[in-house]
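We have chain A already, so just place chain B on it with the hints.
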Amino acid sequence: EPEVTQTPSHQVTQMGQEVILRCVPISNHLYFYWYRQILGQKVEFLVSFYNNEISEKSEIFDDQFSVERPDGSNFTLKIRSTKLEDSAMYFCASSNEGRETQYFGPGTRLLVL
Amino acid sequence: DQQVKQNSPSLSVQEGRISILNCDYTNSMFDYFLWYKKYPAEGPTFLISISSIKDKNEDGRFTVFLNKSAKHLSLHIVPSQPGDSAVYFCAASAYGNNRLAFGKGNQVVVIP
Chain A
-6 EPEVTQTPSH QVTQMGQEVI LRCVPISNHL YFYWYRQILG QKVEFLVSFY
44 NNEISEKSEI FDDQFSVERP DGSNFTLKIR STKLEDSAMY FCASSNEGRE
94 TQYFGPGTRL LVL
Chain B
11 DQQVKQNSPS LSVQEGRISI LNCDYTNSMF DYFLWYKKYP AEGPTFLISI
61 SSIKDKNEDG RFTVFLNKSA KHLSLHIVPS QPGDSAVYFC AASAYGNNRL
111 AFGKGNQVVV IP
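Quick mapping for you: the protein sequence lines, in order, are chains A and B.
No gaps in the numbering here: position 83 of the first sequence is 76 in this note's numbering, and each next residue is one more.
Start counting at 1 in the second sequence, then tack on 10, and there's your number in this note's numbering.
Isolated chain A (complex conformation) (with noise of 0.2 Å):
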C-alpha cells in the first residue's frame, strides 16, 4: 500500500540553525500539506501546496518557514532560523484532491536545543 515517507525520523539543532525536513508524498497525489504537534498539543495545519506553489497557510507560518517541491517526488519544509518553540513533531501528509483524505507520514521529531 502507498504510503508518505518522511526523513530524518529525528533530528536535533542548535537554536538558529537551519533545518531542511524532507518528504515523499504518495505519488499520484497532488496536495501536499505540513502539519506540526508540540508535545502535549494538538495537530496544527502549517501549509499546503499545490501545483508548484503554496495554497493555503496558518498564522504559525511565518517568514522563517518555506516549503519546495524540489523534484517530482520530494517535498520539503524548511525553517531558516529554528527557535527553542520549534520544537515539535512535524507531519507531512498528501491527498488526491483537495477535498479527499489527507494521508500522514509518520512525521519528524525536531528537537531545537
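To be clear, the hints were calculated from the coordinates, so they are not data collected in a lab.
All residues carry an ideal CB built from backbone N, CA and C; glycine is no exception.
It cannot be assumed that every hint is accurate.
What the hints assert, rightly or not - Here are the computed lysine-lysine pairs in the PhoX-like style, where the Cα-Cα straight-line distance is at most 25 Å: (1) 114(B) to 76(A); (2) 78(B) to 15(B); (3) 50(A) to 15(B); (4) 114(B) to 66(B); (5) 114(B) to 50(A); (6) 48(B) to 81(B); (7) 76(A) to 50(A).
What the hints assert, rightly or not - Computed list of chain B residues with no C-beta within reach of chain A, every gap over 10 Å: (8) 21; (9) 27; (10) 34; (11) 66; (12) 76; (13) 84; (14) 89; (15) 93.
Stated by the list, open to error - Covered by chain B, per the in silico footprint, the following chain A stretches (three or more residues, Cβ under 8 Å): (16) 41 to 54; (17) 94 to 104.
Positioned in the frame of chain A, the structure of chain B alone reads:
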C-alpha cells in the same frame, strides 16, 4: 483555537464491547469530518470520514455519526479489539479550504 473539541481524554473498554468517542465543533462552515488513529511514534492513520450531507457512515467495525444541528459527531467501534488501543483524533475541514482542524485526541485502551 477550540474549533474542534474532544472531551474525556481517555477511555478504557473491555475487549468485545463498544467504544464511543465524541467530538464537538464550533465552526458552522465545517462540512467534512474525519477520524484518525495514532499509535506512539507514528503518524495519524485515516479511519473513516463523513461529509455534512450524510448523518452516518459505516466501514466495518467503525461507524461515524454526525449531528449537524448539535455540531457533534461520534465514532463507534464495535467490537473493540486490543489493537484498537491508540489515540483517536477528530478532524474537520471547511468548504473552500483544505486545512484540517484537529481535536486534542482521546486515548483508548482496550482491555483483553
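Hints, verified against the model:
{"no.": "1", "hint": "114(B) to 76(A)", "result": "holds (24 Å)"}
{"no.": "2", "hint": "78(B) to 15(B)", "result": "holds (15 Å)"}
{"no.": "3", "hint": "50(A) to 15(B)", "result": "holds (22 Å)"}
{"no.": "4", "hint": "114(B) to 66(B)", "result": "holds (23 Å)"}
{"no.": "5", "hint": "114(B) to 50(A)", "result": "holds (21 Å)"}
{"no.": "6", "hint": "48(B) to 81(B)", "result": "holds (24 Å)"}
{"no.": "7", "hint": "76(A) to 50(A)", "result": "holds (19 Å)"}
{"no.": "8", "hint": "21", "result": "holds (18 Å)"}
{"no.": "9", "hint": "27", "result": "holds (28 Å)"}
{"no.": "10", "hint": "34", "result": "holds (14 Å)"}
{"no.": "11", "hint": "66", "result": "holds (18 Å)"}
{"no.": "12", "hint": "76", "result": "holds (16 Å)"}
{"no.": "13", "hint": "84", "result": "holds (19 Å)"}
{"no.": "14", "hint": "89", "result": "holds (25 Å)"}
{"no.": "15", "hint": "93", "result": "holds (17 Å)"}
{"no.": "16", "hint": "41 to 54", "result": "holds (count 4)"}
{"no.": "17", "hint": "94 to 104", "result": "holds (count 7)"}
Consistency note: the structure conflicts with none of the earlier hints.
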